[in-house]
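Q: Could you slot chain G onto chain F? The hints should help.
If you're matching them up, the sequences are chains F and G in order. Mapping of the first sequence onto this note's numbering: position 167 corresponds to residue 167, and the numbering continues sequentially without gaps. Mapping of the second sequence onto this note's numbering: position 99 corresponds to residue 99, and the numbering continues sequentially without gaps.
Worth flagging that the hints you see were computed from the coordinates, not collected in a lab.
Restricting the straight-line Cα-Cα distance to at most 16 Å, the calculated cross-link-like pairs of lysine to aspartate or glutamate (EDC-like) are: (1) K75(G) with D153(G); (2) K75(F) with E200(F); (3) K151(F) with E148(G); (4) K20(F) with E119(F); (5) K151(F) with D153(G); (6) K318(G) with E258(G); (7) K151(G) with D153(F); (8) K20(G) with D153(G); (9) K318(F) with E178(F); (10) K250(G) with E320(G); (11) K151(F) with E114(G); (12) K20(F) with D153(F); (13) K322(G) with E178(G); (14) K318(F) with E258(F); (15) K75(F) with E148(G); (16) K295(G) with E228(G); (17) K20(F) with E148(F); (18) K20(F) with E114(F); (19) K151(G) with E148(F); (20) K75(G) with E148(F); (21) K295(G) with E178(G); (22) K318(G) with E178(G); (23) K75(G) with E200(G); (24) K151(G) with E114(F).
Read off the chains here:
2 protein chains.
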Amino acid sequence: MNSREPEGASCGLPHELPEKILLAHGGGGRLMQQLIRGAFSENFHNSYLSTEHDSAVLPAPSGRLAFTTDTYVVKPIFFPGGDIGRLSVFGTVNDLAMSGARPLYLSTGMILEEGFPLESLQRIARSMREAADLCGVQIVTGDTKVVEHGKGDGIFINTAGVGVIEHSLNIQPSSLAEGDAVLLTGDLGRHGIAIMAAREGLEFETTIESDCAPLAAMVLDLLDACVELHCLRDLTRGGLASALNEIAAKASRAIVIEEMQIPVRTEVRGACEMLGLDPLYVANEGRMVAILPAKEASRALEILRRHESGKEAVLIGKVEAKPASRVVLRNAIGVTRYLDLLSGEQMPRIC
Amino acid sequence: MNSREPEGASCGLPHELPEKILLAHGGGGRLMQQLIRGAFSENFHNSYLSTEHDSAVLPAPSGRLAFTTDTYVVKPIFFPGGDIGRLSVFGTVNDLAMSGARPLYLSTGMILEEGFPLESLQRIARSMREAADLCGVQIVTGDTKVVEHGKGDGIFINTAGVGVIEHSLNIQPSSLAEGDAVLLTGDLGRHGIAIMAAREGLEFETTIESDCAPLAAMVLDLLDACVELHCLRDLTRGGLASALNEIAAKASRAIVIEEMQIPVRTEVRGACEMLGLDPLYVANEGRMVAILPAKEASRALEILRRHESGKEAVLIGKVEAKPASRVVLRNAIGVTRYLDLLSGEQMPRIC
Numbered sequence: 001m002n003s004r005e006p007e008g009a010s011c012g013l014p015h016e017l018p019e020k021i022l023l024a025h026g027g028g029g030r031l032m033q034q035l036i037r038g039a040f041s042e043n044f045h046n047s048y049l050s051t052e053h054d055s056a057v058l059p060a061p062s063g064r065l066a067f068t069t070d071t072y073v074v075k076p077i078f079f080p081g082g083d084i085g086r087l088s089v090f091g092t093v094n095d096l097a098m099s100g101a102r103p104l105y106l107s108t109g110m111i112l113e114e115g116f117p118l119e120s121l122q123r124i125a126r127s128m129r130e131a132a133d134l135c136g137v138q139i140v141t142g143d144t145k146v147v148e149h150g151k152g153d154g155i156f157i158n159t160a161g162v163g164v165i166e167h168s169l170n171i172q173p174s175s176l177a178e179g180d181a182v183l184l185t186g187d188l189g190r191h192g193i194a195i196m197a198a199r200e201g202l203e204f205e206t207t208i209e210s211d212c213a214p215l216a217a218m219v220l221d222l223l224d225a226c227v228e229l230h231c232l233r234d235l236t237r238g239g240l241a242s243a244l245n246e247i248a249a250k251a252s253r254a255i256v257i258e259e260m261q262i263p264v265r266t267e268v269r270g271a272c273e274m275l276g277l278d279p280l281y282v283a284n285e286g287r288m289v290a291i292l293p294a295k296e297a298s299r300a301l302e303i304l305r306r307h308e309s310g311k312e313a314v315l316i317g318k319v320e321a322k323p324a325s326r327v328v329l330r331n332a333i334g335v336t337r338y339l340d341l342l343s344g345e346q347m348p349r350i351c
Numbered sequence: 001m002n003s004r005e006p007e008g009a010s011c012g013l014p015h016e017l018p019e020k021i022l023l024a025h026g027g028g029g030r031l032m033q034q035l036i037r038g039a040f041s042e043n044f045h046n047s048y049l050s051t052e053h054d055s056a057v058l059p060a061p062s063g064r065l066a067f068t069t070d071t072y073v074v075k076p077i078f079f080p081g082g083d084i085g086r087l088s089v090f091g092t093v094n095d096l097a098m099s100g101a102r103p104l105y106l107s108t109g110m111i112l113e114e115g116f117p118l119e120s121l122q123r124i125a126r127s128m129r130e131a132a133d134l135c136g137v138q139i140v141t142g143d144t145k146v147v148e149h150g151k152g153d154g155i156f157i158n159t160a161g162v163g164v165i166e167h168s169l170n171i172q173p174s175s176l177a178e179g180d181a182v183l184l185t186g187d188l189g190r191h192g193i194a195i196m197a198a199r200e201g202l203e204f205e206t207t208i209e210s211d212c213a214p215l216a217a218m219v220l221d222l223l224d225a226c227v228e229l230h231c232l233r234d235l236t237r238g239g240l241a242s243a244l245n246e247i248a249a250k251a252s253r254a255i256v257i258e259e260m261q262i263p264v265r266t267e268v269r270g271a272c273e274m275l276g277l278d279p280l281y282v283a284n285e286g287r288m289v290a291i292l293p294a295k296e297a298s299r300a301l302e303i304l305r306r307h308e309s310g311k312e313a314v315l316i317g318k319v320e321a322k323p324a325s326r327v328v329l330r331n332a333i334g335v336t337r338y339l340d341l342l343s344g345e346q347m348p349r350i351c
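With the rest of the complex left out, here is chain F (with noise of 0.2 Å):
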């Protein structure tokens, strides 16, 4: 036995488990074990998942896969509309929403900072099962670490996701075709402004909560109504601007948007002022443009209209052959300027 191993390990532990992450919760042992049952398993059940194996076993699938990984860092976890538990399951949800794919299986990679509470990481759980739920994905395996107090922050955490394709459309911005509408799913800015009002402590009339949510299934319905998707985009880091530059680019066409059509809300609108953003720069976790035939527009707006975050989706703009890879906005009274790529972060760990 090793000179290491704290007294009474191989006589049995307390059932209970403490309070606070240790070091040894990450170590493959007994506590390890005791962690997974006490925080996970309760929340994290099904048929594939095994949480003493190496890797899940899933069926083949029909199609074509979609596989995509995001990390989260969000500071503060817990904040008006979400926490990064949800944020985490919705975002690798969202991602493989945008190739056009059903999302069914995600992984989960935790970094537990020594010391946090045992009581926050079982609300996370929770918190990740019911997001799962309501977009229809399973977490088939995960990972735990604990790296020491100082070393970290609080929790991290990683989801990689997989889905299956079963159309044969190219979503991508090669994809993209002069005339083709830029539809926008909803108002934006409210997941930055929301994770910077609680980080700075700032009190609005109405508290603004996170836009986060699942885009899957507003997906899934155009895909079915036979919907010709060209691209898609969620709005995460960067927002609105910084998605359709990288289109553009890609694409090598102009994208012009109306400045008029774009939803922002009062209260991030004024909040934008105060903390001085751009809400077109400003993050968002349920929002998305759906590029596609000017012909098809209505009918995908009439789609998109149906679900609780599509129901302020509009008509922002369309694609032209010039100036090509620049964005522009076209205000009230018809003056045009370029949108921009930023340099760098306006909002640290906003996801």
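A: Coordinates of chain G only, in the frame set by chain F:
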């Protein structure tokens, strides 16, 4: 334009990357694109990877899927015989191989601490590329986050992996049968001791190098030869003893192993004595046990020994009915004792 944006953001930035990671590198803007180009693009390039897409789109696989994830927080990040990048590829490839899958695709999610040297990031990315090439897997999707100085520890890497299962075996603990042979692919303890020595500044007569290696080729050769594999397990955190305990418990069988058959190098044994560690509990990163019908053992050993990391493969024990769920170690003079699961962590941040 945003008031927090640094000067010069929209009129072109210097093309040189700074020597250290900035918080702004994680912001989804222009600096992030420069980081991706400067650190990742030259190493991670294949037909599926698009750094500006939300998910990778991959061909439909021809069998069941294996899906796994692991997060790497090893300290130090460079150690004799490997580094965190190499480990993050081999470790996840090995987890896929343990279900008998052919590893195909990896995702990578990095958490960088502000101030992390760019040169180290580039070195790690090169190492990941070389490791992926060696295993025949492709890194098809990735994500990078940056946290403030003091909220991380240089670099943490998550890799998730997808593989395809091209056979109909169920390689898992419940497939164990009484009389099965337990094979071990080589000597124990080198990874853990290499890390501990590097961390503690210990010097031995010869440098002990990590055994860090990919196991998939060995497994695929066994499968190609139609060896009837019952269970595979790589021996990472918690070493041989923990892996066998987990298997015995899930299978409700006994595993009886012979101490004399277990290869441990003299210098590893010496270091373990000095550090008060038991090599049977020390982490490995290129070792596995294979459990299979006794009649298959000699054929399987012959196949394993054709591989560099299986040259010392050996029969170490067998599966018995009782004592159910326990691991029994028999020493040179026939005295037996239970090998228990350790309580917690004998070596934090070993992988």
